[in-house]
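S.K.: Respectively, the protein sequence lines represent chains A, B and C. Quick note: the first sequence uses this note's numbering, first residue 3, plus one each step. Quick note: the second sequence uses this note's numbering, first residue 23, plus one each step. Quick note: the third sequence uses this note's numbering, first residue 1130, plus one each step.
It is worth saying that the hints were derived from the structure and are not from the lab. Take these hints with a grain of salt, some might be off.
Computed list of lysine to aspartate or glutamate pairs in DMTMM-like fashion (alpha-carbon distance at most 25 Å, straight line) [what the hints assert, rightly or not]: (1) B:K189 - A:D89; (2) B:K202 - A:E163; (3) A:K16 - C:D1334; (4) B:K202 - A:E75; (5) B:K201 - A:E163; (6) B:K113 - A:E75; (7) B:K201 - A:E75; (8) B:K216 - A:E75; (9) A:K128 - B:D200; (10) B:K186 - A:D109; (11) B:K202 - A:D69; (12) A:K16 - C:E1454; (13) A:K55 - B:D200; (14) A:K114 - A:E75; (15) A:K28 - A:E86; (16) A:K212 - A:E223; (17) A:K155 - B:D200; (18) B:K189 - A:E75; (19) B:K202 - A:E58; (20) B:K201 - A:E86; (21) B:K113 - A:D69; (22) B:K186 - A:D129; (23) B:K202 - A:D89; (24) B:K186 - B:D200; (25) B:K113 - C:E1454; (26) A:K222 - A:E205; (27) B:K112 - A:E75; (28) B:K201 - A:D69; (29) C:K1138 - C:E1461; (30) B:K112 - A:E58; (31) B:K202 - A:E86; (32) A:K62 - A:E220; (33) B:K112 - A:D69; (34) B:K216 - A:D89; (35) B:K112 - C:E1454.
Please read these numbers as outputs of a predicted model, since none were measured by experiment.
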Amino acid sequence: MLLSIEDVSTGYGKAQVLKNISLNLKKGEIVALIGANGAGKTTTLRCIMGMIKPWEGSIKFNDQKIDSLPPYEIVARGISYCPEGRDIFANLSVYENLKVGGYLIRDQNKFKSSLNWIYELFPILKDRCNQIAGSLSGGEQQMLAIGRSLMSKPSLLFLDEPSLGLAPVVVENIFNTIQQINAEGTSILLVEQNVTLALDIAERAYVLEKGEIRLSGECKELSQSEYVKNSYLGIA
Amino acid sequence: MLLYLLQQLINALAYGSILGLLAVGYTMIYGILGLINFAHGEIFMIGAFSCYLFVTIFNLPWFTAAFLAITASVISGLALERIAYRPCIKKGGSVLAIFIISFAASIFLRYLFMMFFTDERRAFPIPPFFEKMYFVGGIVVGLRDIIIFITTILIMLIITYFIKYSKFGIAMRAVSYDKKTANFMGINSTLIIKIAFIIGSMLAGISGLEYGLSFGIVNPGMGFNPGLTGFIAAVLGGIGNVPGAMIAGFIVGIGEVLFVAILPSIYSPLRPLFVWILLFFILFLKPTGLFRPNVKFDGGWGE
Amino acid sequence: MKRDEKSIKNQWCYYLLVFIVVIIVLALIEKNLKGFYLGIFLLFGINAIICLGVTITNGYANIFSLGFGGIMLFSAYVSSLFTLPIQYKASFLQLPEWLEKAQLPFALALFLGAIAAVLASITLVLPAFRLRGHYFILASIGINIVMANLAVNLRSFTHGPLGIRNMPFATNVWWVYGILFLTVIFMWRFTHSKFGRAVITLGKDQTLASVMGIDVVRYKIYAFIVGSFIVGLAGPLWVHYTGAMHPEVFGLVFVFQIIAMLIIGGLGTISGAIMGAGIITLFTHLARPVQEGFRIFNLQVPPLIGLIQVLMAIMIFLVIMYKPEGIIGKNEITGQSLQSIWLRIKRKEKEV
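Construct the entire structure; sequences and hints are all you get.
M.R.: Dropping the structure here:
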């Protein structure tokens, strides 16, 4: 098991957001975490990344407890986070953003090979490599955000709402690339409001509602479930 | 007339260097933490004053004393970050609270030194070879002005290179823009903040030494005016923008000297007003400063 | 509505009683306190007035301005022009003839000083209003420096860096506490008035206030003017107590002390302002002899000028870290809150 979360509860200040959630992810999988706004999806990712401490439960990555580590150490262990809303460094150039993504890489050659990999995945980033990131289009920014989080060649990548605010054509392009990234060996935990897309690309999924895991299972089965069809695919 | 102006310009080079270094320190710390380090002027004073102490009380050779003085500045800066700022930020202090702490820290350091050393002005020790003068076509150029100016330009080039190309430099710019996301890149933002304080304090210390060499007088209260002027320069340069701060420092320094030089001498006591007039004009025309600021939300209480 | 009538009558009786008690106490104090203690008492009152004025701008309206020092300096100098003996003005200053011959009763000079403060604040601070946050604070610091600089340079009006002396000692217990009393009542009515509540709302959240239909800019300006007026009353009071002034009298150290008072007492409440003024005024006066150097156990401790500021900075730090709302906190001390505390104590006694 690459990632395993057991009985985790957490929240902000006194407000509880997650209640005893458990989920896991095997190496090579794409797992989706779906749910409505405010269900706690981003909170889950932030908790794993060390931004918020779990009140109870444990989080293990590669069978090692990571729940008390600060974010930069968790990244060093091999998990990368591509935040909701892209959050690229608009004051830096495309290249500099990627360089920040590769902050932990010591070896100059490894850095170059990562960079080339990203440029292959997203050729447009190569074209715009010296442009200020703030001037990119929404789709390009999303590609930059994903590319940036891939620079460290993580074993596990968190994608938080990658389709948000993007045109369908762009989304299709990005999701194809996500599959490619997975095929090349990166496991992915995908948080998505667009349930159709999520169930389409992932193997397994968890449905999060008001901080609890309501359902989980193989995507093929979930997309047939009446509950999911009524509650989520209607709004997809 | 031209000769007179040129002479003034030469005199202004040292002053512009001093302000430029201070401005960079302010802007770096504001960029990284979103706070104005009011005590920066006192770090400047500690650099100058401790050099004086090391020479006069401990009889150390000037360069050793200068080196130790810069170390003292860095230690003060780190202590400030650790004791005053970090706990307050961690507790989620409001921007107002952090401002008050910054203000209080400035008063604390200044009056601490006044307490033990009184605010008497002392003569700053100047090594003999700094006092050399050259006469070039009717203008007097002091060796110390040249050394100060060249050292400062070198420092600024190094810092600019560092900020633009080095790993820590890019990390600093990333953290200034968005600390949270920077953490997700594996950047240890606490370490980066410490580095910003180290560099900023080092620059303040060097600026203090330059001031001592240039003006020859040091006292515990010396940090107030240069500090404030340096801060204004940082604001003028676009807060958070390091190269902007350097350039603005020179603009303010040279401008202030020319202001006094050009106006009839009855207006000389108005010199301190120059920088405020400049600030007023520039902020009126361009509320974010001459150059582009480097923080996500600039100028407001983190709006 | 008999109950309402009765309660209103009770309230007025209560106020009248308080008023009479206060007058008696003030009369006693005036008769019996002299010198050092009278000084502390008067300065406490003046500081309280300043703190209240600053509370309106910095506390209620959340416009964090440090410019009140400069504004007070201006009001103090203006009032002095009308109270200084004509001979002094003739010898030391160069004034236009009407000004030189002008001699007004203290009440009028005080009022003119306050008006001057309002004018100064309108001219200087208003342009700075388009600035936000840190930029605004910087501009407000600038006001202090610009005013002090002008005071040094406009020698014909201010006698330059040496300052002015021979001012009549017009400040007494009645002036200070009378004005303080009126200010407190004004502040109390203010916070319960429509205007006041609008200001407090915009202080808490400007966007919310504007959405609620409050003209944020206008109310900020009004709040600033009111605050400056009150502070402009305190300026002349101060200098007519000390009998002299100079350009640095309301400089950075003074501004720092007032901020210390507000932070320690609590920014945004009347009781906080007064409590803070009391604590710091008392502290500075008690600590002064320590600063001057003293003898303990046969050892001569040398003078440590600046100790007061150092200790105040530490106090501010501790308050911000451990009780950021100040000693009083968010809620005012009123008759009712004191009553409920008293009842709570009684209840605890019963339990024990």
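S.K.: Work down the list of hints and note, for each, if the structure agrees.
M.R.: Verification of the hints:
1. B:K189 - A:D89: Status holds; Cα separation ~20 Å.
2. B:K202 - A:E163: Holds. K202 (chain B) to E163 (chain A) sits at ~17 Å (cutoff 25 Å).
3. A:K16 - C:D1334: 23 Å, holds
4. B:K202 - A:E75: Judged against 25 Å, a Cα distance of about 14 Å means the pair holds.
5. B:K201 - A:E163: Given pair K201 (chain B), E163 (chain A) holds - Cα atoms ~20 Å apart, limit 25 Å.
6. B:K113 - A:E75: Between K113 (chain B) and E75 (chain A) the Cα gap is close to 23 Å, so the pair holds against 25 Å.
7. B:K201 - A:E75: Holds - the C-alpha atoms of E75 (chain A) and K201 (chain B) are around 15 Å apart, at most 25 Å.
8. B:K216 - A:E75: 18 Å, holds
9. A:K128 - B:D200: The hint holds at about 24 Å.
10. B:K186 - A:D109: Satisfied, since the Cα-Cα distance of roughly 20 Å is no more than 25 Å.
11. B:K202 - A:D69: 18 Å, holds
12. A:K16 - C:E1454: 21 Å, holds
13. A:K55 - B:D200: Between K55 (chain A) and D200 (chain B) the Cα gap is close to 21 Å, so the pair holds against 25 Å.
14. A:K114 - A:E75: This hinted pair holds, its Cα atoms lying about 23 Å apart.
15. A:K28 - A:E86: Holds: K28 (chain A) and E86 (chain A) sit about 23 Å apart, inside 25 Å.
16. A:K212 - A:E223: Since the Cα atoms of K212 (chain A) and E223 (chain A) sit roughly 22 Å apart, the hinted pair holds (cutoff 25 Å).
17. A:K155 - B:D200: Holds, at about 22 Å.
18. B:K189 - A:E75: 17 Å, holds
19. B:K202 - A:E58: 24 Å, holds
20. B:K201 - A:E86: 15 Å, holds
21. B:K113 - A:D69: 21 Å, holds
22. B:K186 - A:D129: Holds, at about 21 Å.
23. B:K202 - A:D89: Roughly 9 Å separates the two Cα atoms, so the pair holds.
24. B:K186 - B:D200: 17 Å, holds
25. B:K113 - C:E1454: Roughly 14 Å separates the two Cα atoms, so the pair holds.
26. A:K222 - A:E205: 8 Å, holds
27. B:K112 - A:E75: 19 Å, holds
28. B:K201 - A:D69: 20 Å, holds
29. C:K1138 - C:E1461: 24 Å, holds
30. B:K112 - A:E58: Holds - the C-alpha atoms of E58 (chain A) and K112 (chain B) are around 23 Å apart, at most 25 Å.
31. B:K202 - A:E86: 12 Å, holds
32. A:K62 - A:E220: Holds, at roughly 22 Å.
33. B:K112 - A:D69: 20 Å, holds
34. B:K216 - A:D89: With a Cα-Cα distance of about 24 Å, the restraint between K216 (chain B) and D89 (chain A) holds, given a limit of 25 Å.
35. B:K112 - C:E1454: 17 Å, holds
No hint from the list above goes unmet by this structure.
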